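Peer 1: With the hints as your guide, set chain B onto chain A.
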Amino acid sequence: MAQRVGVIGFGQTYHKSRREDVNGVELINEAVQAALEDSGLGIDDVDAIIIGNMDHFESVNYVDTWSVDGTGGFMKPVMKLTTGGTTGSTIGIGGYFTAASGLFDVVAVVGWEKNSESDTTGAIITCSDPVFDRFSFAGALPGLAVEASVYMKKYGVTEKDAARVAVRDRRHAMNNPYAQLRKEITEEEVLESPMLSYPVKLLDICPRTDGAACVIFAGERKAKKLSPNPAWVWASSIRHSYSYFEDIEYDTMPTLEAACRELFSNVGIKEPLKELDVVELYQPYTFAGLKWIESMGICKPGEAPQLVWDGVTDMGGELPFNPSGGVLATNCIGATGLLRIGEAALQLQGRAGDRQVEGAEVALATGFGGAFWTDMMLLGKNPW
Amino acid sequence: MLDAAIIGVGQTSYEAEKKGYNFAEMVYEATDQALNDAGLTMDDIDNVVSVSNDFFDGRTISCMAVMDASGASHNDGKNVSTVEGDGTFGAFYGLMRILAGVYKTTLVVVHSKGSESNPSLIYNSMFDYIYTKSTGLDHISSSALQARRYMNRYGLGEEDFARVAVKNLGNAQKNSRAHRKGSYTVSDVMGSTMLADPIKELDAAPASDGAAAIVLGHKVVAEKLGKKPVWVKGAAHCCDAYNLGDRDLSDVNALADAAQRAYAMAGIEDPFNEIDVVELYEQFSFQELLYLEAMGFCRRGEAASLLQEGVTALSGALPVNPSGGCLGAHPVLVAGMARLIEAVLQVRGEAGSYQVPGAKNALAHGVNGPCGQSHCVLVVGE
Numbered sequence: 000m001a002q003r004v005g006v007i008g009f010g011q012t013y014h015k016s017r018r019e020d021v022n023g024v025e026l027i028n029e030a031v032q033a034a035l036e037d038s039g040l041g042i043d044d045v046d047a048i049i050i051g052n053m054d055h056f057e058s059v060n061y062v063d064t065w066s067v068d069g070t071g072g073f074m075k076p077v078m079k080l081t082t083g084g085t086t087g088s089t090i091g092i093g094g095y096f097t098a099a100s101g102l103f104d105v106v107a108v109v110g111w112e113k114n115s116e117s118d119t120t121g122a123i124i125t126c127s128d129p130v131f132d133r134f135s136f137a138g139a140l141p142g143l144a145v146e147a148s149v150y151m152k153k154y155g156v157t158e159k160d161a162a163r164v165a166v167r168d169r170r171h172a173m174n175n176p177y178a179q180l181r182k183e184i185t186e187e188e189v190l191e192s193p194m195l196s197y198p199v200k201l202l203d204i205c206p207r208t209d210g211a212a213c214v215i216f217a218g219e220r221k222a223k224k225l226s227p228n229p230a231w232v233w234a235s236s237i238r239h240s241y242s243y244f245e246d247i248e249y250d251t252m253p254t255l256e257a258a259c260r261e262l263f264s265n266v267g268i269k270e271p272l273k274e275l276d277v278v279e280l281y282q283p284y285t286f287a288g289l290k291w292i293e294s295m296g297i298c299k300p301g302e303a304p305q306l307v308w309d310g311v312t313d314m315g316g317e318l319p320f321n322p323s324g325g326v327l328a329t330n331c332i333g334a335t336g337l338l339r340i341g342e343a344a345l346q347l348q349g350r351a352g353d354r355q356v357e358g359a360e361v362a363l364a365t366g367f368g369g370a371f372w373t374d375m376m377l378l379g380k381n382p383w
Numbered sequence: 000m001l002d003a004a005i006i007g008v009g010q011t012s013y014e015a016e017k018k019g020y021n022f023a024e025m026v027y028e029a030t031d032q033a034l035n036d037a038g039l040t041m042d043d044i045d046n047v048v049s050v051s052n053d054f055f056d057g058r059t060i061s062c063m064a065v066m067d068a069s070g071a072s073h074n075d076g077k078n079v080s081t082v083e084g085d086g087t088f089g090a091f092y093g094l095m096r097i098l099a100g101v102y103k104t105t106l107v108v109v110h111s112k113g114s115e116s117n118p119s120l121i122y123n124s125m126f127d128y129i130y131t132k133s134t135g136l137d138h139i140s141s142s143a144l145q146a147r148r149y150m151n152r153y154g155l156g157e158e159d160f161a162r163v164a165v166k167n168l169g170n171a172q173k174n175s176r177a178h179r180k181g182s183y184t185v186s187d188v189m190g191s192t193m194l195a196d197p198i199k200e201l202d203a204a205p206a207s208d209g210a211a212a213i214v215l216g217h218k219v220v221a222e223k224l225g226k227k228p229v230w231v232k233g234a235a236h237c238c239d240a241y242n243l244g245d246r247d248l249s250d251v252n253a254l255a256d257a258a259q260r261a262y263a264m265a266g267i268e269d270p271f272n273e274i275d276v277v278e279l280y281e282q283f284s285f286q287e288l289l290y291l292e293a294m295g296f297c298r299r300g301e302a303a304s305l306l307q308e309g310v311t312a313l314s315g316a317l318p319v320n321p322s323g324g325c326l327g328a329h330p331v332l333v334a335g336m337a338r339l340i341e342a343v344l345q346v347r348g349e350a351g352s353y354q355v356p357g358a359k360n361a362l363a364h365g366v367n368g369p370c371g372q373s374h375c376v377l378v379v380g381e
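If you read the sequences in order, they're chains A and B.
Everything in the first sequence is counted per numbering that gives the first Met the number 0, starting at 0 for the first residue and increasing by one.
Everything in the second sequence is counted per numbering that gives the first Met the number 0, starting at 0 for the first residue and increasing by one.
Please note: incorrect hints may appear among the correct ones.
[Stated by the list, open to error] From the structure, some residues in chain A lie toward chain B, with a derived Cβ separation under 10 angstroms:
(1) 13
(2) 51
(3) 151
(4) 154
(5) 155
(6) 261
No lab work stands behind these hints, which were simulated from the structure alone.
This structure is a prediction, so every number in the text was calculated from the model and none was measured.
Glycine included, every Cβ here is placed at the ideal spot set by N, Cα and C.
Looking at chain A on its own, in the form it has when it is part of the complex (with noise of 0.2 angstroms):
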């Protein structure tokens, strides 16, 4: 029988630029083992594990197996999902359906990425198709500037404007004691830093992260048993409705809009920036922290910059976006839409910490990849 799931647990490393004291599995074990500590579970409790990462930066084909060492599925039904950025939301939400189907109750999570022993460029270049698009849009950067590029024309949106997204970030990552780049900027930094594609500048861009993250889910049966205040999972949604860079409509986000209309319209909320409490956006780059709150409905197209000035999104402010400093600190690729799910859950539990919104009772997780893809999960403080 169906049943609703709760997030239980989550445990993620302290995340670096390289990690050499480790291997994948031991990395994806440092994970493993922070979540069972943090739920007060043993791995003989554990009745799933879904595992994800992007094969071509480590270059291990069959990670479901090749892990088991490190995630604890030895003789455990264990399942890869992997859906390039997107990967770490997809396998949250593979998790919470493996938990919801009522065949298993408690489900491990791992997402994870050692992207110091990958030329993650290079590795992403082959996702675009090698006839029609991969001289044009080669890598993850391209499309982005594209999109910054229509953004800032259509709206007299300036490069200052996103900036001041980077400065927002960077200074939430410093109350996160696991972010990987813990040290503020200024809007002058960010305008002054290199130029990769224009208008994307070396600080309007994600790092890229040697890390793991795991959330354990637990079906209703046991979550209220297992835990004090599973977060709740609400429901989700996905749109991966392009093959081709060249089909992407760039004035728009259609799939951050599609997936919007379907979660929001599933739980009633109507008015986003007064129904959230707090967001963790998968947000790759600054101008996706203005041009993408617009298609989420938080404001109206063009305002977001207006809104962001203001403080609104800002650590105390009405609709705090990122305060683990989101991906724009810490990106361990794999692990990242996980980590979206996981902080998520921390702040819906009040164990957040330093980087604790008060009060937050609805808080939205989201996942960004592949050719503009979007993953969402919407969580409560109760049950939905």
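Peer 2: Just chain B, lined up with the frame of chain A:
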């Protein structure tokens, strides 16, 4: 029994090289066939699971190639996800999405082009990159270790394995979709090129191109929509230890565990008598025998006798791989989904010239990882 059924199936033909097709075109064909089989359109499908592998596709985010073709981008877009592993695992995840009560109709589609990949290098990449990858182990040489261990433990001979190939390649002659087929003799198999002792060319599944798709329906819609539902009665998967040396390769404990849990779910106590037909994932001939034993169809070491007595032949008491199995066609990942589809066709009575008369319950099986580390078992029936 679970609250989900398979209400549509589709497969392309399996060939050594589908030159006229890219990944998306194969996926479109399989998807289209599954929808037609179910009498549905993409409008009736509320979510999609694609299955692919970045290594075999030579492309990172390999699912990106098929988001249009699988219908994931249809209209406002479908809730889609991607499993990397055998197609049976994709079906299992599709099942989770249905049983969660969130979706009613799940399309699961799998693709692979062996012709555009280098299987030896790709399989080598599943071994530990510090300790074992550099030895050059691949799917064939690692499975040869497993075959030899199995032979030594139970006193089996290479001819025992050759008889599996003779049976399955013979069965494949009746399957128009199969890639490799023919009337071979034991001496033909014994005389074929040695790949890694004791595995010879005709003991090994070929590398094929192809795609396959199913439509899963929740109980509340399965009886109204699509073809006569074939119910998922039991489903389970399990993963063993990673390092080959940490396992006795002739035990296959993960398969035994998955099979027992699937039987328990399906209410099956005596698999030999309660299951009418088996479609299992034998990438190498010996694995059909080893896996049958692990699934509890006979005692350990006795599957070779079953085969020799004709029990697992198309006309036997327990036909195994009447479609020709993986030896008849082996598009990686797709091969497990093909087993599930063949199981469904048998229960429907639509398997044509390789139909097992009166088949009510069928078992389908898929594999991930080196030497059958991770197994998925699905029991389907009327």
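Peer 1: Now look at each hint and say whether the structure bears it out.
Peer 2: Consistency of the hints with the structure:
Taking 10 angstroms as the C-beta contact cut-off toward chain B, the hint placing residue 13 of chain A at the interface is violated, the least distance being around 23 angstroms. The criterion of a C-beta within 10 angstroms of any C-beta in chain B is met by residue 51 of chain A, whose closest approach is roughly 8 angstroms, and the hint holds. Among the interface hints, the one on residue 151 of chain A is violated; its C-beta lies about 27 angstroms from the nearest C-beta in chain B, farther than the 10 angstroms criterion. Look at residue 154 of chain A: its Cβ only gets to about 25 angstroms from chain B, farther than 10 angstroms, so that hint breaks.
With its C-beta approaching chain B no nearer than about 30 angstroms, residue 155 of chain A sits outside the 10 angstroms limit, and its interface hint is violated. This hint holds: residue 261 of chain A has a C-beta 8 angstroms from the nearest C-beta of chain B, less than the 10 angstroms allowed.
Hint compliance for this structure: hints 1, 3, 4, 5 are not met, and every other hint is.
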